[in-house]
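*Asks:* Given the sequences, and given the hints that come with them, work out the whole structure.
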Amino acid sequence: MKSLTLERVSFWYPATEAPALRDVSLEVVQGEVVALVGAVGAGASTVLLAAGDLAPRLTGGRIVGTVSRRDRSAIVLPTPWTQVSGMAFTVWDEVAFGPANLGWPTHEIARQVDRAMAHLELGPLATRDPATLSGGELQRVIIAATLAMDSGLVLFDEPAAELDAEGASALWRLIRALAKGGKAILLATSALDALPDVADRVVWLEDGAVRAVGTPDLLADVAACDAGLGTSVATVWGASGLPGPYPLTVAHAVRQWR
Amino acid sequence: MIPALRFDGVTFSYGAVAVLRGLSFSIAPGERVALLGKNGAGKSTVVRLITGLERPGEGTVWVGDWNTRDCVPEQLARRVGSVFQHADQQLFARTVREDVSFGPRALGVGEQEVERRTDRALADLDLTAHAGHHPYDLPPALRKLAALAGALALEPGLLVLDEPTIGLDRALRARVSRALLDRSAGNVALLVITHDLTFAAETLERGLVLDRGSLACDESLADLLGDVTRLEPLGLAPPSVAALSVALDLPGRPVRAADAARALARVAQGRPGP
Amino acid sequence: MTGRRLHPFTLLAIAGALPALAWILPAPAGGMWTAAVALLLTLTPGWRPGLVVFRTALLTAAPFWVFLRLLHDVPTTIAIGLRITTMVASFVWLAATLAPDRLVEATVARGWSVTAAYLFAATITAVPTLRDRARRIVEAQRCRGLSPRGSLGNRLRALRALALPLVLSALHDVDERALALETRGMVSGARRTPLAPPPDSAVERAARWALLAACVAALIWRFK
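Here the protein sequences come in this chain order: A, B and C.
FYI, in my numbering the residues of the first sequence are 1 to 258.
FYI, in my numbering the residues of the second sequence are 1001 to 1274.
FYI, in my numbering the residues of the third sequence are 2001 to 2224.
Incorrect hints may appear among the rest.
Calculated from the model, a selection of chain C residues having no Cβ within reach of chain A, i.e. all distances over 12 Å [stated by the list, open to error]:
hint, residue
1, Ala2017
2, Gly2153
3, Ala2158
4, Leu2179
5, Asp2200
Just the calculated beta-carbon pair ranges, DEER-fashion [said to hold, decoys possible]:
hint, chain 1, residue 1, chain 2, residue 2, range
6, A, Ser10, B, Gly1108, 50 to 56 Å
7, A, Thr90, C, Arg2135, 20 to 26 Å
8, C, Thr2044, B, Gly1108, 33 to 39 Å
9, A, Ala131, B, Glu1205, 33 to 39 Å
10, C, Thr2044, B, Asn1187, 57 to 63 Å
11, A, Ala131, C, Pro2075, 43 to 49 Å
12, A, Glu121, B, Val1109, 47 to 53 Å
Keep in mind that the hints were calculated from the coordinates and are not lab data.
The beta-carbon is built from N, C-alpha and C at its ideal position, and this holds for glycine as well.
*Replies:* Here it is as structure tokens:
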């Protein structure tokens, strides 16, 4: 069942001539992880803001086309320090901030918060003051806080930016688990090498328009590699002059090598 | 030759919490070093000690022949160009050019020299086209580059960068890589904190791994990055190119993309056809 | 710690009553007593160790005394200065002891609008956030060679290099904050669930009414 549909959406930020999005159409189905890839400024963050009903409602600007959502959405922004409530003195309270704002009964809040904190392994940090956390820890707290709001559509904007290798792998595993549990996930990331294991579909954005849509195999296309959006393995393969199709991951390369 | 940077038995604690224990290493001029380790291992503290924002509890930090205990950060700026995380928040001037020239001007070099250093830093990062823009009109990724340009413009003997590639796409990361390699060729030493091992593989040559305040590892990235058994206990994973080299058993086990591509091509040529 | 033991509304009542009384009661005695009480409050144990709160209050009030002395004679300076000191010390004390989350919880428990409470709480929390950011900016600029010492020209340049990024990034933040808070479910008009409403006692409620009554009585007495 479709959770999110963008139909021929074009968007202009306030006082800007050039559109940030041009005629973008995409959909995300429940249980699926769709990844947005592209160069900085290609429009991935804007797609997420539009999908989350934040643009143009809060950002201002003009939109053309339709955005339809079946589920409530929640978004993780790339800057966790702006999403921190500033009103919670423990991590537990911070994660509970969203659910409390939604007016849920306390036992439900406790259930969602405990579950979200377990997912992000935040147990040891439960009583810490969010103001004392490192960037990576704060990002995990905000992700937990977003998940605790239990929305059907979850939007992620560079969620692993501040995380170290372990934190990032744990996050990708969590995102797959969320999709398996029925959530619809739309994710903007520059961690291309992780996508073959995380994303069901990839949408390539260029200058605000959709250039291509496909499975993660898209990231091994010659075009993607030329644009700097291929996985590392595919890019190396292409640069070596070996004929296509390029392998997507190390495992693919090994198979192809034999 | 005096090392560009030397840590001599440095111990440091924030209150009762020991963050660094007996840390010792040195970096030669022109050397390109990655400072790796899990979040909380003490990496940012190392940067604060180098820039003089903190003094070691025990031991000494030498920047060239200066003991940081005898210096204040403003003095160390003559030798160390540093960029902290979230440096995009430190920009203040009306234009990018004005902000980048802030550093050399504060050093007191002549106006012509300020212009030269600013122009060079902007050109190295391909920011010349944005030089006249207001920093906050630029997207965050380019603001990060502007902050880096500010450090390059100091033309220091040592560059210390804390996570310079967060939020950058591949093209921008390549720009940073090129700029740093170029400076290193001019004998500038680099110490870069990063968890982007792909960037480290492309740009840097030696890896210092911090684990709970002490040095768990000090060796060439070429050796370190392909070795899963060493990386795993440190919470690190081999970057894709290194993993590919190992999996395909490429000669020389290259960790950089261009080297791997060449090795791949050579091996493919030498193989009997299907 | 006072902050944890007293109900947020009680803290607000005290921080409001002291300046009110300072202005209502005849100077300089009125101002002297209220300023003394307010400064004494800043010495009570809060979250911050030592005399930080007390010093902050004095340092914040000091410039006002200087300006007043430039404009007025000594008696007027003292009269107004004490009143301003009371206001400053009360606010600084409040900022140091009032936990914004408890204020919001208390407001929500009464069924009042969350947004107003949040705005007030946000103003208070803005102070430590800005202070942290100011510190980071100072450090970054020093590491670029900015020396806060030296000639007047130097110091003014230094101030600009410190103040501008602070203001610019703070404004930029405010922009992002409004959006970010909505993402956390803070929609105006929504009913928020209180997580841990601070306990209120009959004694405190009585004390708050008494403070209000004292202010009204002082007002009536003053203008009789």
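*Asks:* Non-interface claim for C:Ala2017: all C-beta distances to chain A beyond 12 Å?
*Replies:* Since the minimum Cβ distance to chain A is about 25 Å, C:Ala2017 lies beyond 12 Å and the statement holds.
*Asks:* Go ahead and decide if the range 57 to 63 Å is satisfied by the Cβ distance of C:Thr2044 to B:Asn1187.
*Replies:* The hint (57 to 63 Å, Cβ to Cβ) holds, given that C:Thr2044 and B:Asn1187 are roughly 58 Å apart.
*Asks:* Take a look at whether the Cβ-Cβ distance between A:Thr90 and C:Arg2135 falls inside 20 to 26 Å.
*Replies:* Since A:Thr90 and C:Arg2135 have Cβ atoms about 24 Å apart, the given range 20 to 26 Å holds.
*Asks:* Grab the minimum beta-carbon distance between C:Ala2158 and chain A and tell me whether it stays above 12 Å.
*Replies:* holds (26 Å)
*Asks:* Would you assess whether C:Asp2200, listed as outside the interface, keeps its beta-carbon beyond 12 Å of every beta-carbon in chain A?
*Replies:* Per Cβ check, C:Asp2200 is outside 12 Å of chain A; nearest 19 Å; holds.
*Asks:* Do A:Ser10 and B:Gly1108 keep their Cβ atoms within the hinted range of 50 to 56 Å?
*Replies:* Given about 52 Å between the Cβ atoms, the range holds.
*Asks:* Indicate whether the distance between the beta carbons of A:Ala131 and B:Glu1205 respects the range 33 to 39 Å.
*Replies:* holds (38 Å)
*Asks:* Assuming the hint says 43 to 49 Å, is it satisfied by the Cβ distance from A:Ala131 to C:Pro2075 or not?
*Replies:* The hinted range 43 to 49 Å holds for A:Ala131 and C:Pro2075, with Cβ atoms some 45 Å apart.
*Asks:* Would C:Leu2179 pass as off the interface with chain A, using Cβ distances and a cut of 12 Å?
*Replies:* The claim breaks: C:Leu2179 does not keep its Cβ more than 12 Å from every Cβ of chain A (closest is about 5 Å).
*Asks:* For A:Glu121 and B:Val1109, compare the CB-CB distance with the range 47 to 53 Å and indicate the outcome.
*Replies:* holds (50 Å)
*Asks:* Taking 12 Å as the cut and beta carbons as the points, is C:Gly2153 off the interface with chain A?
*Replies:* holds (35 Å)
*Asks:* Taking the beta carbons of C:Thr2044 and B:Gly1108, is their distance inside 33 to 39 Å?
*Replies:* violated (48 Å)
Hints 4 and 8 from the list above are not met by this structure, while the remaining hints are.
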